[in-house]
Structure formats: structure tokens, C-alpha cells
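Participant: Below are the chains, spelled out letter by letter.
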Amino acid sequence: DAGVTQSPTHLIKTRGQHVTLRCSPISGHKSVSWYQQVLGQGPQFIFQYYEKEERGRGNFPDRFSARQFPNYSSELNVNALLLGDSALYLCASSASYTEAFFGQGTRLTVV
Amino acid sequence: SQKIEQNSEALNIQEGKTATLTCNYTNYSPAYLQWYRQDPGRGPVFLLLIRENEKEKRKERLKVTFDTTLKQSLFHITASQPADSATYLCALAGVNTGFQKLVFGTGTRLLVSP
Chain A
1 DAGVTQSPTH LIKTRGQHVT LRCSPISGHK SVSWYQQVLG QGPQFIFQYY
51 EKEERGRGNF PDRFSARQFP NYSSELNVNA LLLGDSALYL CASSASYTEA
101 FFGQGTRLTV V
Chain B
1001 SQKIEQNSEA LNIQEGKTAT LTCNYTNYSP AYLQWYRQDP GRGPVFLLLI
1051 RENEKEKRKE RLKVTFDTTL KQSLFHITAS QPADSATYLC ALAGVNTGFQ
1101 KLVFGTGTRL LVSP
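Going down the list, the protein sequences come from chains A and B. Sequential numbering from 1 applies to the first sequence in my numbering. Sequential numbering from 1001 applies to the second sequence in my numbering.
Just chain B, same shape as in the assembly:
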């Protein structure tokens, strides 16, 4: 069966450290993978997109890697701040999902303490 898995347990880190979140998928052939941030009671906010032929993407303190062999994406936040505390969702789309349909993981809650 098709699955997208993210750590269901919250990730607690100290301010200034690097947070690393994991997204694993099975039985998908994504053309691209996206990461979103979601605050409680709000809609997801787009952060980064990485295509199947890209290994790494960066944007300010954010970095995403995409390994289609391992079927895994890693999302890094360097020099984390308490304001980074939120739930982070990965989403993929591609050939067997339909490009217009994003398939989301369940999200990982990140808590950054001062």
C-alpha cells in the first residue's frame, strides 16, 4: 500500500541547534516533494519544493534533501529559533498521484525551546 510517514512524536530541540525532520514514502513515484509549515488552526504555508532530479535545495536557514533510492526526504532548519515551533508537513505529487493532487504526511511537531 502507499504510505507517507513522518515522525509522529514531537521533536524537541534547543534554540540554536539544527532540527532534522524525516519524510519516508513507499509505493509512490513522486515528481516532486514539498514541505509546508502549519501553525495550530491555520492553513499550511509553503516552504520548499524539490524535484525528483534534484538532490538538495536551500532557502535561508532551510535545507531539503531528496533521495529517490532511499525514498526519503530530510528537512533541516539550522540555527533554530522558538518561532520555528510548528508542525511541518511533507507532501508529494507525481505520476501515480496525479500532479494536481498533493498527498500529505501526518506531520511532525517541532518544539524549539529557548
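This is chain A alone, in the form it adopts within the complex:
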């Protein structure tokens, strides 16, 4: 069985640009969450979607948005990129309110 897949694995963007990160959950998982992990810190919750509806939002500015599609895949969009947005962006899927299965992450570098 395929795990959670994220694309791209790495990308470099310039300040002010926007970026779209993609996530495919484990088959059968209807919940997708996004986390930001800055070097040396634990993951910080950004969004959670369940059945295409936003179920939770972390303390991130409106430049961050997300959506979930009918096949439960998800996109995270970040507008007007700042240097501080450089981080590992993690997607996690889950079947219930228990363990989360994480993808390998997308390493975003803003220059």
C-alpha cells in the first residue's frame, strides 16, 4: 500500500511568489492535515480537512490556504512568500482521531 505522498519534494521560491504543495493521503483516509516544521522545532499545525471541509486552522496568516478534493487529496497554497516561510511542510492523513501518517514532506526554501 502506498503511504502519504507529497509533491514536490524540494523547491526554491523567491520572496513574494506563491507556492502550491500537493498531498495524496493513504487510500481510505478522509482526513488530511498540514504542518509546518522549522529546523530544530516540532511540527506546527496549519490546517485539517475532513470530507472536503476545513475542520481546524492553526495560528497562521491568511496567506496560507488549503483545500481538499473529492478524492481526498489536498493542496496547500502560500501567497506572498516570506523568508520565514522556509520550512519542511508535512502532510498527514488519518482514518480516525488517533495516529497520523505523515508524508516525507516538501522542503521549501524562500530566497
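For the record, the hints were derived by calculation from the structure and aren't laboratory data. The beta-carbon is built from N, C-alpha and C at its ideal position, and this holds for glycine as well. Hints may contain errors.
Stated by the list, open to error - Straight-line Cα separation of at most 35 Å, DSBU-like style, residue types lysine-lysine; simulated pairs: (1) K1059(B) with K1071(B); (2) K1017(B) with K1063(B); (3) K1017(B) with K30(A); (4) K1057(B) with K1071(B); (5) K13(A) with K52(A); (6) K13(A) with K1063(B); (7) K13(A) with K1071(B); (8) K1055(B) with K1071(B); (9) K1017(B) with K1071(B); (10) K30(A) with K1063(B); (11) K1101(B) with K1003(B); (12) K1017(B) with K1059(B); (13) K1055(B) with K1003(B); (14) K1101(B) with K52(A); (15) K13(A) with K1059(B); (16) K1059(B) with K1101(B); (17) K1003(B) with K1063(B); (18) K1101(B) with K1063(B); (19) K1101(B) with K30(A); (20) K1003(B) with K1071(B); (21) K30(A) with K1057(B); (22) K52(A) with K1017(B); (23) K30(A) with K1003(B); (24) K1057(B) with K1003(B); (25) K1003(B) with K52(A).
To be verified - Now the stretches of chain B that chain A is said to cover, found in silico as 3 or more residues with beta-carbon under 8 Å: (26) 1058 to 1070; (27) 1100 to 1107.
With chain A fixed as given, assemble chain B onto it according to the hints.
Facilitator: Using the frame of chain A, we list chain B on its own:
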């Protein structure tokens, strides 16, 4: 303020010994607490979950305890191996975090030497 604290300094132990990692929290009422392993540049991997009404959970060489009075969880790896070297993260979720939102500690790096 709400805090989840893990030892920020790396834990160095010899192969075969038991590693014990600590997770302390304040101003949370977690319904459950989870432990994850993270290797450099990779996503966290789920290890164990313990609920608020459970004192201890075991899985192979891993053991987790949860003391809601002390607001602390301990994570033990017995007979440690160099392959156990990684960063270990605790995460909690519950009433005042929202069950769908995991709140992570900063992680503790474990180094097991042969």
C-alpha cells in the same frame, strides 16, 4: 501559557542500555498523547499512543507512561540499538487543542553508540 517541553539536548547512550525520554506539558488537558520518531529530512513516523485513562503502553522494546497528575509522559526504549538513533517527538491532542490538531514538542535527539 500552554507549553510542551522535551529535553532539547541530545541524549547519548550506549548500545544495549535503556533510553528514557521525557515530555512535560502545562495548561493542556490531553485526551491522548502520541510519540513519533523522525529521521533527518523525513516525516515523523507514529510509534505509540496512550490515552488519558491509561498508565502504561508497551510495544516490543518500547514503553510509554502517562501521568496526568504530573502532566508528564516518559518514553522508554529498552536494549537500544544504533538504529534507534533519531529525534523523538511527543504530541498531544484533546479538549482544548481540538482532537484533529496535534500539538508537538520540539523533540529530543537520541544517539545510540555501539
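Participant: Run every hint past the structure and note whether it holds.
Facilitator: Structure-based check of each hint:
{"no.": "1", "hint": "K1059(B) with K1071(B)", "in the structure": "22 Å, holds"}
{"no.": "2", "hint": "K1017(B) with K1063(B)", "in the structure": "14 Å, holds"}
{"no.": "3", "hint": "K1017(B) with K30(A)", "in the structure": "41 Å, violated"}
{"no.": "4", "hint": "K1057(B) with K1071(B)", "in the structure": "16 Å, holds"}
{"no.": "5", "hint": "K13(A) with K52(A)", "in the structure": "28 Å, holds"}
{"no.": "6", "hint": "K13(A) with K1063(B)", "in the structure": "42 Å, violated"}
{"no.": "7", "hint": "K13(A) with K1071(B)", "in the structure": "42 Å, violated"}
{"no.": "8", "hint": "K1055(B) with K1071(B)", "in the structure": "12 Å, holds"}
{"no.": "9", "hint": "K1017(B) with K1071(B)", "in the structure": "26 Å, holds"}
{"no.": "10", "hint": "K30(A) with K1063(B)", "in the structure": "30 Å, holds"}
{"no.": "11", "hint": "K1101(B) with K1003(B)", "in the structure": "15 Å, holds"}
{"no.": "12", "hint": "K1017(B) with K1059(B)", "in the structure": "17 Å, holds"}
{"no.": "13", "hint": "K1055(B) with K1003(B)", "in the structure": "21 Å, holds"}
{"no.": "14", "hint": "K1101(B) with K52(A)", "in the structure": "16 Å, holds"}
{"no.": "15", "hint": "K13(A) with K1059(B)", "in the structure": "42 Å, violated"}
{"no.": "16", "hint": "K1059(B) with K1101(B)", "in the structure": "24 Å, holds"}
{"no.": "17", "hint": "K1003(B) with K1063(B)", "in the structure": "23 Å, holds"}
{"no.": "18", "hint": "K1101(B) with K1063(B)", "in the structure": "24 Å, holds"}
{"no.": "19", "hint": "K1101(B) with K30(A)", "in the structure": "15 Å, holds"}
{"no.": "20", "hint": "K1003(B) with K1071(B)", "in the structure": "11 Å, holds"}
{"no.": "21", "hint": "K30(A) with K1057(B)", "in the structure": "27 Å, holds"}
{"no.": "22", "hint": "K52(A) with K1017(B)", "in the structure": "47 Å, violated"}
{"no.": "23", "hint": "K30(A) with K1003(B)", "in the structure": "30 Å, holds"}
{"no.": "24", "hint": "K1057(B) with K1003(B)", "in the structure": "24 Å, holds"}
{"no.": "25", "hint": "K1003(B) with K52(A)", "in the structure": "31 Å, holds"}
{"no.": "26", "hint": "1058 to 1070", "in the structure": "violated (count 0)"}
{"no.": "27", "hint": "1100 to 1107", "in the structure": "holds (count 8)"}
Checked against the numbered hints given earlier, this structure breaks hints 3, 6, 7, 15, 22, 26; the rest are met.
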